[in-house]
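Chains as they are written, first to last, in my numbering: chain A, 1 to 291; chain B, 1 to 315.
Note that these hints are calculated values from the structure, not bench results.
Mixed in with the good hints there might be a few duds.
Derived lysine to any residue pairs resembling SDA-like cross-links, with alpha carbons at most 25 angstroms apart [stated by the list, open to error]: (1) Lys121(B) <-> Ile221(B); (2) Lys137(A) <-> Leu279(B); (3) Lys278(A) <-> Ile233(B); (4) Lys52(B) <-> Gly133(A); (5) Lys121(B) <-> Leu198(A); (6) Lys277(B) <-> Gly219(A); (7) Lys278(A) <-> Asn113(B); (8) Lys137(A) <-> Ile38(B); (9) Lys220(B) <-> Ile233(B); (10) Lys118(B) <-> Cys24(A); (11) Lys190(A) <-> Gly145(A); (12) Lys277(B) <-> Leu255(B); (13) Lys121(B) <-> Cys24(A); (14) Lys20(B) <-> Ser176(A); (15) Lys278(A) <-> Phe117(B); (16) Lys220(B) <-> Ile13(A); (17) Lys277(B) <-> Leu139(A); (18) Lys118(B) <-> Val18(A); (19) Lys278(A) <-> Pro163(A); (20) Lys137(A) <-> Tyr41(B); (21) Lys44(A) <-> Val157(B); (22) Lys121(B) <-> Ile20(A); (23) Lys278(A) <-> Leu112(B); (24) Lys53(B) <-> Gln72(B); (25) Lys118(B) <-> His6(A); (26) Lys278(A) <-> Tyr129(B); (27) Lys118(B) <-> Val16(A); (28) Lys121(B) <-> Asp10(A); (29) Lys278(A) <-> Cys116(B); (30) Lys137(A) <-> Ser55(B); (31) Lys53(B) <-> Phe74(B); (32) Lys137(A) <-> Thr248(B); (33) Lys20(B) <-> Arg105(A).
Take a look, some chain A residues computed to stay more than 10 angstroms from chain B by CB distance [said to hold, decoys possible]: (34) Ser38; (35) Asp40; (36) Leu63; (37) Asp65; (38) Tyr68; (39) Arg70; (40) Phe72.
Using N, Cα and C, we set each Cβ at its ideal position, and we do this for glycine too.
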Amino acid sequence: MHKPKHYISDYVIAAVCVVISLICIIPMINLLARSLSSTDALIKHEVYLWPVDININAYQMVLTDPKYIRSFIWTVILTLICTVVSLVMTAACAYPLIYSELKGRSVINIFITITMFFNAGTIPNYLLMQSLGLLNKPLVLILPGCLSVYNMIIMRSFFYGIPESLRESAQIDGASFFRILASIYIPLSKPVIATLALFYAVGRWNGYSDALMYLSGPGGSKYYPLQLLLYNILNNVNSVEVATQEGFSSPGLSEALKAAIVMFSTVPILCVYPRLQKYFMSGVMVGAVKE
Amino acid sequence: MSKIKSDAPVNKKPVSIYLKRYWQLYLLLALPMLYLLIFKYIPMVYIQIAFKKYSIVGSIWEQKLAANHGFQYFIQAFSDSDFRRALRNTLVLNLLDLAIGFPIPIIFALLLNELCFKRFKNVVQTIAYMPHFLSWVIIYGLALQLFTPSTGLVNMVITKMGGQTVPFLNDPIHWVWTYVFLGAWQSFGWNSIVYLAAIAGINNELYEAASVDGAGRLSKIWHITLPGIRPTIVLLLIMQIGNILGGTFDRPFALRNNLVISWAEVLPTYIYSHGIKGLQFSLTTAVGFFQSVVGVIFLLLANTISRKLGERGIW
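Based on the provided sequences and hints, a complete structural model is requested.
Here it is as structure tokens:
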């Protein structure tokens with residue numbers, strides 16, 4: 001279908017795509033410019049897309065404040081734990097279900113599917129956490145979300161795409177089910193594992209509502225993930241504390257500081273997702289949508 | 001696990017031989033099933049407090065039925081103007097998302113498909129997927145930098161061009177449009193992936209035949225590409241209609257502020273503020289249950305209608 005010659009319409013389409021890309025990226029550029037600008041420039045409304053009086057004071061402030069560093073490290077650890085646990089759970093659920101001879105498979109499938117369409121709701125979940133004694137504990141950020149049925153279906157349909165003959169010949173050679181999983185399915189599933197790792201990691205990194213609801217009691221604030229901390233900063237919760245840290249005299253700094261904190265909590269994801277783009281675009285999600 | 005074991009001896013073969021062969025698969029399934037049981041099914045037990053007078057002491061099984069044959073809290077919810085407002089807002093915001101946010105990824109996918117500069121196309125895609133990876137808190141942070149009346153970028157540009165500042169975030173009606181726009185902004189690139197994959201699955205010979213017949217670009221889109229992705233469009237439409245009373249907590253809660261609460265309070269945030277903050281557990285469980293049931297009904301309805309119209313449904 002490749003034509004060597006380009007028509008005018010090709011350039012019109014390209015121009016529209018440039019505009020769309022600009023709409024996506026200008027907010028980030030603006031944020032970056034503000035985080036690098038001086039207080040004066042911000043107060044005078046001089047900062048558009050390029051920093052004025054470039055300085056890194058705001059970043060220095062964020063990177064030397066133990067509160068942000070602590071929260072950042074905790075969120076990184078939390079995200080890694082959640083991603084690994086969730087991937088193990090997802091594979092453990094998806095793999096057995098591809099064996100059509102597995103007895104009880106249809107019952108299990110119904111058991112799983114119901115949870116996709118019917119959710120008990122916020123309060124029942126909250127009461128469950130309460131009765132399990134998980135409120136204000138770090139585990140409450142890990143356990144409730146450690147398996148996404150939707151992601152499990154994505155992995156399962158990827159597993160279905162792996163030729164059955166591979167596992168059958170391994171079975172004839174006497175390989176156990178564990179062995180087949182570890183030496184055939186996992187190595188061949190790199191695209192789907194990378195994609196789901198990204199989904200789980202992004203979900204945990206970006207999530208804040210569970211922390212907001214389940215960590216609101218005494219002792220819970222120690223485990224606030226970065227996003228909840230950011231939410232509180234943007235909404236001036238504890239504004240007295242923030243104001244005294246920054247000094248009342250320079251309201252503009254708090255703008256730059258806010259911009260720097262937003263940058264600070266976005267950068268890890270912006271570094272990761274383009275590297276995984278070829279995996280999540282390779283159509284691994286499509287099987288799940290068709291199913 | 002007992003359920004699975006009781007299913008096993010169907011054809012009178014010794015269970016032990018079957019299990020000896022397959023125990024590893026059941027072992028793998030044990031933890032995921034336990035997870036679903038505890039975190040998805042046990043909460044359903046708590047739904048009964050929607051029909052009962054909830055008190056913190058005592059087991060939920062022993063508590064008394066609420067007034068009006070247990071429907072007291074549903075009646076109370078519907079006579080509560082806060083709830084009716086949250087219901088209206090949920091419907092309005094979701095319908096606007098459906099009307100505006102739903103078609104944009106389709107148009108974008110069609111556009112990308114027509115884009116013939118390959119390296120450039122990759123860059124556009126990477127940039128368009130970026131907003132999907134930002135949390136709603138971060139998007140709110142970005143929105144503050146863009147839309148704040150005096151210091152926001154957009155308003156700075158508007159005033160520079162001699163216009164009046166627009167209260168994008170502080171006036172309820174403006175806020176609604178900002179909310180819908182930010183939602184579309186966040187998801188259009190990501191949601192286009194499914195359509196792009198569907199387009200990639202269309203048989204290339206159709207396009208070649210059309211070219212031979214002298215079909216132009218637009219007529220190929222209209223007669224080949226769009227019909228080719230119609231099943232995908234219908235499927236995603238059904239799912240979004242099923243979610244018409246749903247929606248996440250993260251987006252409205254992160255984007256709202258006190259000035260716009262009259263249009264920003266939706267059912268998930270209502271449940272949070274009246275339930276977890278206000279401790280009206282029975283009332284808010286009733287609201288959540290209503291929401292889930294309506295969601296299932298809408299999904300079934302949308303599915304039935306689409307099958308009546310000759311489309312493939314979800315099942």
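Results of checking the hints against the structure:
1. Lys121(B) <-> Ile221(B): holds, 18 angstroms
2. Lys137(A) <-> Leu279(B): holds, 20 angstroms
3. Lys278(A) <-> Ile233(B): holds, 23 angstroms
4. Lys52(B) <-> Gly133(A): Status holds; Cα separation ~23 angstroms.
5. Lys121(B) <-> Leu198(A): Holds, because 22 angstroms separates the two Cα atoms, which is no more than 25 angstroms.
6. Lys277(B) <-> Gly219(A): At roughly 17 angstroms apart (the allowed maximum being 25 angstroms), Gly219(A) and Lys277(B) satisfy the hint.
7. Lys278(A) <-> Asn113(B): holds, 17 angstroms
8. Lys137(A) <-> Ile38(B): Roughly 17 angstroms between the alpha carbons, so the hint for Lys137(A) and Ile38(B) holds.
9. Lys220(B) <-> Ile233(B): Holds. Lys220(B) to Ile233(B) sits at ~18 angstroms (cutoff 25 angstroms).
10. Lys118(B) <-> Cys24(A): holds, 20 angstroms
11. Lys190(A) <-> Gly145(A): holds, 22 angstroms
12. Lys277(B) <-> Leu255(B): holds, 19 angstroms
13. Lys121(B) <-> Cys24(A): The hint holds at about 15 angstroms.
14. Lys20(B) <-> Ser176(A): holds, 11 angstroms
15. Lys278(A) <-> Phe117(B): holds, 18 angstroms
16. Lys220(B) <-> Ile13(A): holds, 16 angstroms
17. Lys277(B) <-> Leu139(A): Measuring from Cα to Cα gives roughly 22 angstroms; hence the hint holds.
18. Lys118(B) <-> Val18(A): Holds - the C-alpha atoms of Val18(A) and Lys118(B) are around 14 angstroms apart, at most 25 angstroms.
19. Lys278(A) <-> Pro163(A): Status holds; Cα separation ~22 angstroms.
20. Lys137(A) <-> Tyr41(B): Holds - the C-alpha atoms of Tyr41(B) and Lys137(A) are around 22 angstroms apart, at most 25 angstroms.
21. Lys44(A) <-> Val157(B): Holds, at about 14 angstroms.
22. Lys121(B) <-> Ile20(A): holds, 12 angstroms
23. Lys278(A) <-> Leu112(B): holds, 16 angstroms
24. Lys53(B) <-> Gln72(B): holds, 9 angstroms
25. Lys118(B) <-> His6(A): Since the Cα atoms of Lys118(B) and His6(A) sit roughly 13 angstroms apart, the hinted pair holds (cutoff 25 angstroms).
26. Lys278(A) <-> Tyr129(B): holds, 12 angstroms
27. Lys118(B) <-> Val16(A): holds, 15 angstroms
28. Lys121(B) <-> Asp10(A): holds, 12 angstroms
29. Lys278(A) <-> Cys116(B): Answer holds: Lys278(A) to Cys116(B) is near 19 angstroms, not above 25 angstroms.
30. Lys137(A) <-> Ser55(B): This hinted pair holds, its Cα atoms lying about 24 angstroms apart.
31. Lys53(B) <-> Phe74(B): Holds, at roughly 13 angstroms.
32. Lys137(A) <-> Thr248(B): holds, 24 angstroms
33. Lys20(B) <-> Arg105(A): Judged against 25 angstroms, a Cα distance of about 17 angstroms means the pair holds.
34. Ser38: holds, 14 angstroms
35. Asp40: holds, 13 angstroms
36. Leu63: holds, 18 angstroms
37. Asp65: holds, 17 angstroms
38. Tyr68: holds, 14 angstroms
39. Arg70: holds, 18 angstroms
40. Phe72: Correct as stated: the minimum Cβ-Cβ distance to chain B is 14 angstroms, above 10 angstroms.
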